[in-house]
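Quick note, the sequences are listed as chains A and B, same order.
The numbering of the first sequence is my numbering, which starts it at 1 and goes up by one.
The numbering of the second sequence is my numbering, which starts it at 1 and goes up by one.
Think of the hints as simulated: they come from the structure by calculation, not from any bench.
Predicted model only: the values in this text are computed from it and were never measured.
Any given hint could turn out to be false.
Stated by the list, open to error - Pairs of lysine-lysine residues, derived as BS3-like cross-links and limited to a Cα-Cα distance of at most 30 Å, are as follows:
id, chain 1, residue 1, chain 2, residue 2
1, B, K100, B, K117
2, B, K117, B, K88
3, B, K200, A, K100
4, A, K100, A, K142
5, A, K140, A, K96
6, A, K142, A, K96
7, B, K100, B, K63
8, B, K65, B, K117
9, A, K142, B, K88
10, B, K200, B, K65
11, B, K117, A, K140
12, B, K63, B, K88
13, A, K142, B, K117
14, B, K29, A, K142
15, A, K140, B, K88
16, A, K96, A, K131
17, B, K152, B, K117
18, B, K65, B, K29
19, B, K4, B, K63
20, B, K152, A, K100
21, B, K88, B, K65
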Amino acid sequence: MKYMKLILTFALAVFVISACGGSLSELVIQGAWARPASAGENGAAYFVIENWTMTDDILLSVSSEIASATEVHMSMADANGVMSMLMQESIPVPAKATVKFEPGGLHVMFVNLNRNLIVGDTFTLILLFEKAGEVSLQVKVKEQ
Amino acid sequence: MIKKNQYYLLFILTAVVGLTILVEFVFRKPYSFHGTAITPPLPVTDFALQTANDETFRLSDAKGKLVLLFFGYTSCPDVCPVTLATFKQVHERLGEEAQKIAFVMITADPDRDTPGKVAAYVERFNPEFIGLSGSVADLELIWDELGVFVEKQDSGSAAGYLVSHTASVYVLDPNGSLLMTLPYGTTAIDMADDLTQLLKQSQQK
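All chains, please: the whole structure from these sequences, using the hints.
In structure tokens form, the structure reads like this:
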């Protein structure tokens, strides 16, 4: 009986580790959302990149079919409360690191939307990474 | 024995009530604002800008109301919608009290933002919000008076130039004087609390 307990515990541990293994060795993108906006305007999308792999990666570009251009920008405030946006060439995503795209910071910018983004809609956004390759995201339109 | 227990209970109860009252008196702090108060309030020259259908809006049109003012531009996808979404939540939180406040966005990009465009942009967040544009000369008057920094930036973006601008929110009192500034990123809860307090103060006067 003593051994039985030990074996069971071990088996459970192996099961848990292998179940997590899938996401623990990948680059995952969570919580993708975009703000509502009208056709002809510019829009923004946000998400979190989690790099669970052992290698550094780089986000090289973003693309979508909902706008004339899809770019990565960073909003930044200076000491006087002046906000600026800077277009980003590429975004490093180091191994075991999390990179957050969030309001007032890094964001995907849609230039000249060709459709309305209405709360509840979803659309596809493609991220191209140097190592992980193309990652296709379903982005949900919501208020916040 | 029973009687002794009852005395104990009474004693503890009295002590708790007494302590609560004491704490309330000693530690009760006056409301502390999240924004930066301007004392004394700085009078702002009445301005005239244009809104939907090129109708003129003057600051003095909002006399009797608090004015919640911010500067932005409609091509801005991140910071400006964040602030307008906050305004929308503030409006919802304040309920009826929101009628005592004018929510206003003034453009920082008159070359691309017509009055109609700014008005339509803010209306999507709340039909009562006021969007304003006008001539560069008219806009510069209010930018300069409130110390709002506005600068076009070549960005390499397909969106053309971007505009760096002060992203603070300005609160004007019912007589059109600058009362408070709130930094970008102030939450709707904090903003609504400050406004509730400012409304109380303006009613006491």
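Hint by hint, here is what the structure shows:
Restraint check for K100 (chain B) and K117 (chain B): satisfied, since their Cα atoms lie roughly 25 Å apart, inside the 30 Å limit. Taking the CA atoms of K117 (chain B) and K88 (chain B), the gap is near 18 Å; set against the 30 Å cutoff, the hint holds. With a CA separation close to 39 Å, the supplied pair K200 (chain B) and K100 (chain A) exceeds the 30 Å bound. At roughly 18 Å between alpha-carbon atoms, K100 (chain A) and K142 (chain A) fall within 30 Å of each other, so this suggested pair holds.
For the hint pairing K140 (chain A) with K96 (chain A), the CA-to-CA distance comes to about 26 Å; that is within 30 Å, so the pair holds. The straight-line distance between the Cα atoms of K142 (chain A) and K96 (chain A) is roughly 29 Å, inside the 30 Å bound, and the hint therefore holds. As the CA atoms of K100 (chain B) and K63 (chain B) are separated by approximately 10 Å, the hinted pair is consistent with the 30 Å bound. Annotation: proposed proximity of K65 (chain B) to K117 (chain B) holds, straight-line Cα distance about 25 Å (limit 30 Å).
Restraint check: the Cα-Cα separation between K142 (chain A) and K88 (chain B) comes to about 14 Å, which is no more than 30 Å; the hinted pair holds. In summary, the hint linking K200 (chain B) to K65 (chain B) is supported, as the alpha carbons are separated by about 12 Å, within the 30 Å threshold. Of the supplied pair hints, the one linking K117 (chain B) and K140 (chain A) holds, its CA atoms being roughly 26 Å apart against a limit of 30 Å. At roughly 22 Å between alpha-carbon atoms, K63 (chain B) and K88 (chain B) fall within 30 Å of each other, so this suggested pair holds.
A C-alpha spacing of about 22 Å is found between K142 (chain A) and K117 (chain B), which places the hinted pair at or below 30 Å, so the restraint holds. Annotation: proposed proximity of K29 (chain B) to K142 (chain A) is violated, straight-line Cα distance about 39 Å (limit 30 Å). At most 30 Å may separate the alpha-carbon atoms for a hinted pair to count; K140 (chain A) and K88 (chain B) meet this at roughly 20 Å. Pair hint K96 (chain A) plus K131 (chain A) holds up; C-alpha atoms about 14 Å apart against a cutoff of 30 Å.
Restraint check: the Cα-Cα separation between K152 (chain B) and K117 (chain B) comes to about 19 Å, which is no more than 30 Å; the hinted pair holds. Simply put, K65 (chain B) and K29 (chain B) have alpha-carbon atoms about 27 Å apart, close enough for the 30 Å limit, and the pair holds. At roughly 66 Å between alpha-carbon atoms, K4 (chain B) and K63 (chain B) are farther apart than 30 Å, so this suggested pair is violated. Restraint check: the Cα-Cα separation between K152 (chain B) and K100 (chain A) comes to about 27 Å, which is no more than 30 Å; the hinted pair holds.
As the CA atoms of K88 (chain B) and K65 (chain B) are separated by approximately 17 Å, the hinted pair is consistent with the 30 Å bound.
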